[in-house]
Every structure is written in C-alpha cells, then in structure tokens.
Amino acid sequence: MSADKILQVIDRMDPEKALGELSRALKKLFAHLGEEARMNFVVNLVGEAGADKLGSLVHY
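This note's numbering numbers the first residue of the sequence shown as -6 and each following residue consecutively.
Hint data in this document are derived by calculation from the structure and do not stem from the laboratory. We put the CB at the ideal spot given by N, CA and C, even for glycine. Treat each hint with caution, since some may be false.
Claimed, not checked - The following label-pair restraints were derived from C-beta to C-beta distances:
| hint | residue 1 | residue 2 | range |
| --- | --- | --- | --- |
| 1 | Leu12 | Met32 | 17 to 27 Å |
| 2 | Glu29 | Asp7 | 30 to 40 Å |
| 3 | Glu28 | Gln1 | 30 to 40 Å |
| 4 | Val36 | Leu12 | 12 to 22 Å |
| 5 | Arg5 | Glu28 | 30 to 40 Å |
Claimed, not checked - In silico EDC-like pairs for lysine to aspartate or glutamate, Cα to Cα no more than 20 Å straight-line:
| hint | residue 1 | residue 2 |
| --- | --- | --- |
| 6 | Lys(-2) | Glu9 |
| 7 | Lys(-2) | Glu14 |
| 8 | Lys20 | Glu9 |
| 9 | Lys21 | Glu9 |
| 10 | Lys10 | Asp(-3) |
Kindly generate the complete structure, drawing on both the sequences and the hints.
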C-alpha cells in the first residue's frame, strides 16, 4: 500500500482512532527493527528539539 493510500485512510478516521490503529501497527514494526532505527523514527517524529528532551529521558 502506498503512503498516499495510507494517508487517505487515516484522513477518513477519527484522530484518536487513527492514533490507536497506528500504534498497533508501529508495535508490530518496532518488533522487527533495531534500537537505532526505532530511535531515528522517534527523532524524525518529534524533531531535533524533541530529540534533546527524549535523550534526557533515556538512562543507560
């Protein structure tokens, strides 16, 4: 399925319902990704300023 088709489906959904469905899909995808790929996704999602805040929440 193309990104445009996915966006069309999401646009027809209630925002809270769309987030719930996206969350389910992301959980499945994240299970197959490495830590770096997951972190890159989150950084791209929240932006660089958010990455600084996110990094402060992660304790190694």
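Okay, the hints, checked on the actual structure:
1. About 20 Å separates the C-beta atoms of Leu12 and Met32, a value consistent with the hinted range of 17 to 27 Å.
2. With their beta carbons about 33 Å apart, Glu29 and Asp7 fall inside the hinted range of 30 to 40 Å.
3. Distance hint check for Glu28 and Gln1: the Cβ-Cβ separation is about 32 Å, which falls inside the suggested range of 30 to 40 Å.
4. Hint check: Val36 to Leu12, Cβ distance near 19 Å, so the stated range 12 to 22 Å holds.
5. Taking the beta carbon of each, Arg5 and Glu28 are about 34 Å apart, inside 30 to 40 Å as hinted.
6. Restraint check for Lys(-2) and Glu9: satisfied, since their Cα atoms lie roughly 19 Å apart, inside the 20 Å limit.
7. Straight-line distance between C-alpha atoms of Lys(-2) and Glu14 comes to about 15 Å, which keeps the hinted pair within the 20 Å bound.
8. Under the criterion of a C-alpha separation no larger than 20 Å, the hint pairing Lys20 with Glu9 is consistent with the structure, at around 17 Å.
9. This hinted pair checks out: Lys21 and Glu9 have alpha carbons roughly 19 Å apart, not beyond 20 Å.
10. Of the supplied pair hints, the one linking Lys10 and Asp(-3) holds, its CA atoms being roughly 19 Å apart against a limit of 20 Å.
Checked against the numbered hints given earlier, this structure breaks none of them.
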